[in-house]
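With the hints as your guide, set chains H, D, S and V onto chain G.
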Amino acid sequence: MKLTTYSTDQAGLQAFYEAIIRAHDTYGPVEKFGKFDFKKVNSLSECDPESPIPRTMSVKPLFFPKSAKVMKYTATSAGTELSDTAEDPLAGKRVILGVKHCDARGLQVLDAVYKWDYIDTDYEKRRENTILISPRCDQAATHCFCTSLDYDLETLDAVDVAVINGADRKIYLQARTEKGETFLKENATGLTSANGSAEAEMKKQYETFAASFRLKMNYQEINERMQGQFDSPTFEEVPSSCVSCNTCAFVCPTCHCFKISDEKIRDKGVRYKSYDSCNNVYFTLMAGGHNPRPVKYRRWRQRAMHKFVYYKERFGVNLCIGCGKCTTSCPVNISIFEVVTKVASSMQE
Amino acid sequence: MARVGVFVCFCGANIADFVDVPAVTEEAKKIKEVKYAIEYKYMCSDPGQQMIRDAIVQHRLTSVVVAACSPRMHEKTFRKALSDAGMNPYLLEVANIREHSSWVHQKDKKAATEKASDLIRMAVAKSIANEQLHEISVPVTKRALVIGGGIAGIQAALDIADARIPVVLVEKSPSIGGRMAQLDETFPTLDCSQCILTPKMVDVASHPFIELLPYSEVMELDGYVGNYKAKIKRKASYVNFDTCTGCGACWQKCPVKVPNEFNMGIDKRKAIYSPFPQAVPNKPVIDAEHCTMLLKGKCGICAKVCEKGSIDYTMQDEIVEREIGAVVVATGYDLWDPSPYEEYGVGRYKDIITSLEFERMVSANGPTGGVPVRPSDGKVPKRVVFIKCVGSRDEAKGIEYCSKICCMYTAKHAILLHHKVHDSHAYIFYMDIRAAGKGYEEFVKRAQVETGATYLRGRVSKIYKKGENLMVRGEDAQLGQVVEVEADLVVLATAIYPYKDNPDLARLLGISYDKYGYLSEAHPKLRPVETAKAGIYLAGCTQAPKDIPDTVAQASAAAAKVCGLFAGDTLKKDPMISTVNTEFCTGCQNCVTVCPYQAIVTEEIPLGHGSKEMRIVAKVNEGVCQGCGSCVAICRSMAIDLAGFTDMQIINEIVSI
Amino acid sequence: MDYTKQIQDIAGRLFSEGKIDIFIGYRNTGFDENQVPVLIHQYKDVDQLLFTDKSVFNLANYLKYEHTRNKRVGLIVKGCDSRALNLMLTESQVKRENLYIIGIACEGVVNETGEKAQNCVECMMPDAVVYDELLGSATGKREYQVNADIRELDEKTLTDRVEYFEEIFENCIRCNACRHSCPLCYCAKCCIDQETATLFHGANTTSSAFHALMTWSLHLAGRCVDCRNCEKACPIHLPLHLLHKLNEKVIYENFQENLAGMTEGDRGAFYKYSLSDPDDFIL
Amino acid sequence: MICKVDKIIQETPDICTYRLKFRDESLTEQFDWLPGQFIEFSLLGSGECTFCIASSATRKGTFDCSIKRAGIVTADIHRDIDEGDEVGIRGPYGNWFPLEDLKGKNLLFVGGGIGLAPLRSLIQYAIDNRNQYADCTILYGARTSADLCYKEEIEEWKTNKSLRVILTIDKPEDTWKEHVGVVPKILEEVVKPKVENTKVITCGPPIMIKYTLLALDRLGFAPKDVITTLEMKMQCGLGKCGRCNIGSTYVCKDGPVFTYEELKRLPDEF
Amino acid sequence: MEAEIKEKIVSMEKPHMEAPPDWQPVIMGILCNWCSYAGSDLTGTSRIQYPPNIRIIRVPCSSRVDPWFIIKSLQTIADGVLISGCHPGDCHYISGNYYARRRFLVTKKLLNFVGFHENRVQFSWVSAAEGAKFAKVVTKVTEDIRKLGPLHLYKKENS
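Residue numbers (my numbering), protein chains in the order written: chain G, 2 to 350; chain H, 10 to 666; chain D, 99 to 381; chain S, 38 to 307; chain V, 230 to 388.
Keep in mind that the hints were calculated from the coordinates and are not lab data.
Quick caveat: nothing in here was measured; it's all calculated off a predicted structure.
Every residue gets a Cβ at the ideal spot worked out from N, C-alpha and C, and that includes glycine.
Be a bit skeptical, because a hint or two may be false.
What the hints assert, rightly or not - List of simulated lysine-lysine pairs, DSS-like, C-alpha gap at most 25 Å:
1. G:Lys41 to V:Lys384
2. V:Lys384 to V:Lys365
3. G:Lys297 to D:Lys193
4. G:Lys36 to D:Lys214
5. D:Lys370 to H:Lys628
6. D:Lys214 to D:Lys347
7. D:Lys254 to V:Lys338
8. H:Lys474 to H:Lys406
9. D:Lys347 to H:Lys628
10. G:Lys297 to D:Lys169
11. S:Lys290 to G:Lys116
12. S:Lys229 to G:Lys313
13. G:Lys297 to H:Lys474
14. S:Lys208 to G:Lys73
15. G:Lys94 to G:Lys171
16. S:Lys247 to S:Lys229
17. S:Lys290 to G:Lys313
18. H:Lys38 to S:Lys247
19. G:Lys33 to D:Lys193
20. H:Lys429 to H:Lys454
21. D:Lys214 to H:Lys621
22. D:Lys370 to V:Lys338
23. H:Lys39 to S:Lys41
24. D:Lys169 to H:Lys621
25. H:Lys116 to H:Lys50
26. D:Lys370 to H:Lys534
27. S:Lys188 to S:Lys222
28. H:Lys313 to H:Lys242
29. D:Lys287 to G:Lys33
30. S:Lys105 to D:Lys287
Said to hold, decoys possible - Derived, one-sided and incomplete: chain V residues facing chain G with beta-carbon distance under 10 Å:
31. Ile277
32. His381
33. Lys385
34. Glu386
Next up, chain G with everything else stripped away, as it sits in the complex (with noise of 0.2 Å):
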């Protein structure tokens, strides 16, 4: 496949962005108490897309929102009336600049199961009309082990436009995407074209970029591993100093659970649709006080095992992406990197 590429030095890719921003709806990631997270922005001064990992948020709440509103009604003598929401603030045209590519990747995952059975046509819509843009990394960071997991930046479709820096300060744009193609070519200007002759300089980058991986799995054996592990006794021990604050999964780029709760004042209603987290000990309660999973290392089983068993099981993909934000986030620092490889690795013995 050919890859549309352009080249541009770093003024240049501001004045891209700057464009960008200047002619579209355009995200980006916005400093907020001193960590980087995806904010609408209205110039480039405001928002850093080179901004480095790990940042708080991934792109996550801009498709599915910390809290979206599933629908209104009112409730009188008259009757029952449901309205549809007011329009979804998310479904218009958008770009988002800065999107690094686990995050990017996160969606694609996340795609599997929204898109499997009933198709979520709020988050579908989402997802059409965005274009990522999307710096590549050029240093992994503490916990990031994404290489591992096969969603290395040579996964080509995760984002739209990748923007990859290459030898001599020269950067590279490329469109990644159908959409991707179209909407570079038409914010092209002032861009140079660099078709074919920037892969050699690409895949330098993105080799330096896999050394500077620390962390590093085997993830076909672990995947293997993991899927009679269910009753490891390792489970109880290696997240005993989780504090069960549900940080991870909120962060999480692919976590997708969610609760339904309703909101009434009056005669009014709402009713929502907001984050939840299986750490929650909440999470499967059942009305009449059953629980399956009452204590935390159920609970976290159930999450490793999601991210790393069932979720490729049922949808072929692997759930965690390796971008280490949970782990970052976490106040004791777990990490699911050594939780799962313990886990694996405890069957041999």
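Leaving out everything else, chains H, D, S and V in the frame of chain G:
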């Protein structure tokens, strides 16, 4: 199934003139849960109530909202209407559209109407969350415990017993009588204290409904109103009261002499003793701290002289238990120790005595046979200086409050001194004369006129020895100059002060006490006899300084409270009390801390279903809880809720407008 | 401040004498400089333990979980941690006889950038107040100082503060990590956990976040020991300490209260009162 | 979809059956379901709950949901909903009893308490298609006689010659004339079912299921012939929210009807 | 004039938000049963007039008021909250209002800190005999809040 009926009252013109009642009714009908709404001229009238009753049956209502006057006015009326229709009365909510709307917004009918609608909407929302509640009945043990056998305890015991309610009267000393037995004559009538007290003491001893436990102390009190269990220690008296005749042979022969507490240590008593001749019961006890037989095993004279063989040196303290329903605490008062008044030479000069010592001396049955004498040389004093407010009203050295009785008894002492020593002269240093009471002011006047006592307004700054006599230097504020009075005897009107062990007693009973140690009443104005703990009442100086009439009045009041409490077989209580959801309770016990009634206790329940491990949770004692909701607001896990004012009900109200 | 050796010795001794079932301490992650809490069950693991100025997390938090309940636990507490522990003892959440407490006379821990953390700079009681064994030399109670951020915000106008805090509540994702990482939030069913929150409404909206955080901070008013576990746990890095420090300041200035958890038996400002509490704000 | 509550039947002190019909009657025709499927039932303002449909689509016009007061929403439902009120529903969701597999087989229904609700749907279906199935036996138990659901309908079933109905309660009661004893015991001692050509459909409280499965095992039933429906916390019913995951299985999509054989393959979580 | 505008800006939560012309403040009043509610009844029986903006909730004691009632009120319809109890020492339940007083002070300061004007949440002691005081308090609170304009902070979507 929420089926709310709304009944809007015109209240004649009271509501209808300023609130558009039909519009309010229409508005109420729009609420989803309201299945029936109607207006009527007077909802509280018989036909109005009949409308409610009919609608409840006809429309299968699950709760009722009456929009009318204040719930403080007719809530009971409408509750009754509900129960007459077979509905739980607590499913009623009243929307106050008269006091809170029509009467206070008379100039703006539109706004008043809107507000009335909102108030109804709130009441409807609340009523949906109303639960069926049932009046709580607590069984009652009809027996009262009176702690303290002074005049307060005696009066309370007699009043309660006269209502044919059994009373247990506990007195720590060998005889009842208390402070009043120590007095000579009482103001303002100068009748003899003993003469009016002893008949009452005898009544106590012979009353079929009074169980007198002298020489005893309450050790423990468990339970709650109507259902207390008291453990009472009967101190070993070493005398078998059943056989003893009180002949007195033992104490006449006893060789050990001990300062006599009853006479403020002016004379001596024996180690086996009865505190005073008219004691009730008039049986001696052996003072184990001084009896040589008990201390060293030598002597045994009393046993030898006792014809009845009533002396038993092997007797032990005994704990008796009594089930009781109410407690009257009447432990009386102590005297404040005046030793901080160093400038007076308290402790250094023998001829400075307290007024109670003076009282004993002038008493006909006192150690000096009714004539005051100087402790130093036994001479009869001619010039006596009385100093009032020793300790009282003195923030610097003593206490802030006024001891209330000193003005009166000092006047009395002046008269008594005049009666006993005709050529004597009394000098009285005072700050103010507080003589509010029937015949009191007249009495003070009488003292001044009859005795010619010199009342000097001012503080005493120093007392020093001059020869055999004492020089009292003070300020005469009226003349604005320093005066010095030579005195044979100085009498200090020391402040009334609670017993040192009052706080212990308060803790034992679970009631509160103030910074001095006086036991606290539930409300200083409206509930002066009750304590914060239901079923425990106060009488006499244990609560605050009082004179005899006040003490007796309060004792009778406490008795009336006890009788009222025991009027039925069970206590009926409003069901609006706190309940604990043990599933949510963390056992932090903050609710126990803030509950003003000690109504919350803890219990242990299994950690999980069938678990052997236990955890602590709070438990509300239905009999004690008064339903204030303090515990609910501080409960972080929302484990406690207040029936009738649940979180759900209040939040429903908040979000409904 | 490095008590690694002493702690390893004590933990080793406790295990070999059979006095404890679990030891809660710190270890290195093996990935970076960060230290993480570790729960040790046997003697052979004690050499993992260490303690330096990077031992930040308040370990008292672990005493609220089911796997330490009714076990004999040894743990390390710094000044603030020990005050949290004291409150847990007062509130009957742990039994003193089950604990072997290594108290630290703390010299302050460092933040992410390696400077002494703000709460340590302003710490009023760096020494452990409840312990079986104290490491380091106690320096005693210090002067109360108003938190620097509070002072700064207090000077701002109301409008500015509104903007500042709106951002905080807007960004909160209501993961409840703050509540879970707080040792004093031990309620089995928390009133702000969404699932039980019929009265609180569960959605992760800004208004819910506001409600939850306000309620949470008021539940900790007079109890918060400023260990900042919550802030460390917050994935959004919201300055949660502002709410607690403001409460602390109001309580300290108006009720002359001691700091939370200084003595066992002291439940905090909301569970007692004084007749002379300020009345001037009431009409 | 908005439904009106047509009728509320108080089955037991804490179970009510809500007979629902669509406010918009045109939906009645479109709404079709098979025994075993469930719906999401919402009381607006309180929340949503999952309930199985307790009646058969062969009896059109209305459908039943039996709701036991257990949690917050169900308590609100019991408290707030009145006949004529409107509620929201979504569905039907989930799989259904393997009707084709059951054809020509003997059916043994084993239900306990509220667990009869999903079975009732299939029982009604079987009654209405009686010729498709061989012997039908219903074993139904509850703690006390007051806790038995669908009392009137059970009386009807009893008069139906083609059904064998066995009732039991846990402890003896004065006026009770049927069997006494827990369901697994009665199953082994009274029902003594034939194993051949028989499918067992069971639903009830977890403890009953546990011992019933053991009893069935002893009676010689193969796991594939035992069918049960699982209850699991669900929220979306669409295979999205992740609550009902047991391993890689979504109870809301792949279930709630499972054979014992399938259950055995799932991680041991419920 | 300028100073006045400046004053307005610093004392308002959202100075740029204008009140609609027919806007009326809504005030949630939470009154204790024994003193303030009785006092408000007396206001009624004495026919003392006050602005009709307050909506009253009865609770047994001011100590029943959990701070989140205040928060909830502010998040839904209310533009301000007035809580009233017995004077210190007069509490029907002995000490309830003392506990409440502490909580109220902290709640008020905290709300003010995060951006609510201090007049949004007010407290008063009104005894059963102070019908006139109740009217005065309500009038003052209503006017205070009217000056502040509608509350926009952290409102629920559907309020």
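Comparing the hints with the structure gives:
For the hint pairing Lys41 of chain G with Lys384 of chain V, the CA-to-CA distance comes to about 22 Å; that is within 25 Å, so the pair holds. Annotation: proposed proximity of Lys384 of chain V to Lys365 of chain V is violated, straight-line Cα distance about 29 Å (limit 25 Å). Restraint check: the Cα-Cα separation between Lys297 of chain G and Lys193 of chain D comes to about 22 Å, which is no more than 25 Å; the hinted pair holds. Note on Lys36 of chain G and Lys214 of chain D: the hinted pairing holds, with a Cα-Cα distance of about 20 Å set against a maximum of 25 Å.
Among the hinted pairs, Lys370 of chain D with Lys628 of chain H is consistent with the structure: their alpha-carbon atoms are about 20 Å apart, no more than 25 Å. For a cut-off of 25 Å, the pair hint linking Lys214 of chain D to Lys347 of chain D stands: about 22 Å separates their Cα positions. Using a Cα cut-off of 25 Å, the hinted pair Lys254 of chain D and Lys338 of chain V holds, with the two alpha carbons roughly 15 Å apart. For the proposed pair Lys474 of chain H and Lys406 of chain H, the alpha carbon gap of about 22 Å is at most 25 Å, so the pair holds.
A hinted pair counts as satisfied when its Cα atoms are at most 25 Å apart, and Lys347 of chain D with Lys628 of chain H does not qualify at roughly 34 Å. For the hint pairing Lys297 of chain G with Lys169 of chain D, the CA-to-CA distance comes to about 17 Å; that is within 25 Å, so the pair holds. Proximity of Lys290 of chain S to Lys116 of chain G is assessed by CA-CA distance (about 14 Å); at most 25 Å being required, the pair is judged to hold. A distance of roughly 44 Å separates the Cα atoms of Lys229 of chain S and Lys313 of chain G; the hinted pair therefore is violated under the 25 Å criterion.
Restraint check for Lys297 of chain G and Lys474 of chain H: the C-alpha separation of about 84 Å exceeds 25 Å, so the hint is violated. A hinted pair counts as satisfied when its Cα atoms are at most 25 Å apart, and Lys208 of chain S with Lys73 of chain G does not qualify at roughly 49 Å. Restraint check: the Cα-Cα separation between Lys94 of chain G and Lys171 of chain G comes to about 29 Å, which exceeds 25 Å; the hinted pair is violated. Distance restraint check for Lys247 of chain S and Lys229 of chain S: the Cα-Cα separation of roughly 18 Å lies within the 25 Å cut-off, and the hinted pair is therefore satisfied.
Restraint check for Lys290 of chain S and Lys313 of chain G: the C-alpha separation of about 17 Å stays at or below 25 Å, so the hint holds. With a C-alpha separation of about 51 Å, the suggested pairing of Lys38 of chain H with Lys247 of chain S is violated against the 25 Å cut-off. A threshold of 25 Å between alpha carbons decides the hint, and for Lys33 of chain G with Lys193 of chain D the separation of about 42 Å lies outside it, so the pair is violated. Using a Cα cut-off of 25 Å, the hinted pair Lys429 of chain H and Lys454 of chain H holds, with the two alpha carbons roughly 19 Å apart.
At most 25 Å may separate the alpha-carbon atoms for a hinted pair to count; Lys214 of chain D and Lys621 of chain H exceed this at roughly 46 Å. The hinted pair formed by Lys370 of chain D and Lys338 of chain V meets the criterion: a straight-line CA distance of about 19 Å does not exceed 25 Å. Restraint check for Lys39 of chain H and Lys41 of chain S: the C-alpha separation of about 18 Å stays at or below 25 Å, so the hint holds. For the hint pairing Lys169 of chain D with Lys621 of chain H, the CA-to-CA distance comes to about 14 Å; that is within 25 Å, so the pair holds.
The straight-line distance between the Cα atoms of Lys116 of chain H and Lys50 of chain H is roughly 22 Å, inside the 25 Å bound, and the hint therefore holds. Among the hinted pairs, Lys370 of chain D with Lys534 of chain H is consistent with the structure: their alpha-carbon atoms are about 24 Å apart, no more than 25 Å. For a cut-off of 25 Å, the pair hint linking Lys188 of chain S to Lys222 of chain S stands: about 22 Å separates their Cα positions. About 28 Å separates the Cα atoms of Lys313 of chain H and Lys242 of chain H, which puts this hinted pair outside 25 Å; it is violated.
The straight-line distance between the Cα atoms of Lys287 of chain D and Lys33 of chain G is roughly 31 Å, outside the 25 Å bound, and the hint therefore fails. A distance of roughly 23 Å separates the Cα atoms of Lys105 of chain S and Lys287 of chain D; the hinted pair therefore holds under the 25 Å criterion. Of the supplied interface hints, the one on Ile277 of chain V is violated, with its beta-carbon coming no nearer than about 30 Å to a beta-carbon of chain G, more than 10 Å. Given the 10 Å rule on beta carbons, the hint for His381 of chain V is violated: about 16 Å separates it from the nearest Cβ of chain G.
Taken as an interface hint, Lys385 of chain V checks out: its beta carbon lies about 6 Å from the nearest beta carbon of chain G, inside 10 Å. Taken as an interface hint, Glu386 of chain V checks out: its beta carbon lies about 5 Å from the nearest beta carbon of chain G, inside 10 Å.
The earlier numbered hints that this structure contradicts are 2, 9, 12, 13, 14, 15, 18, 19, 21, 28, 29, 31, 32.
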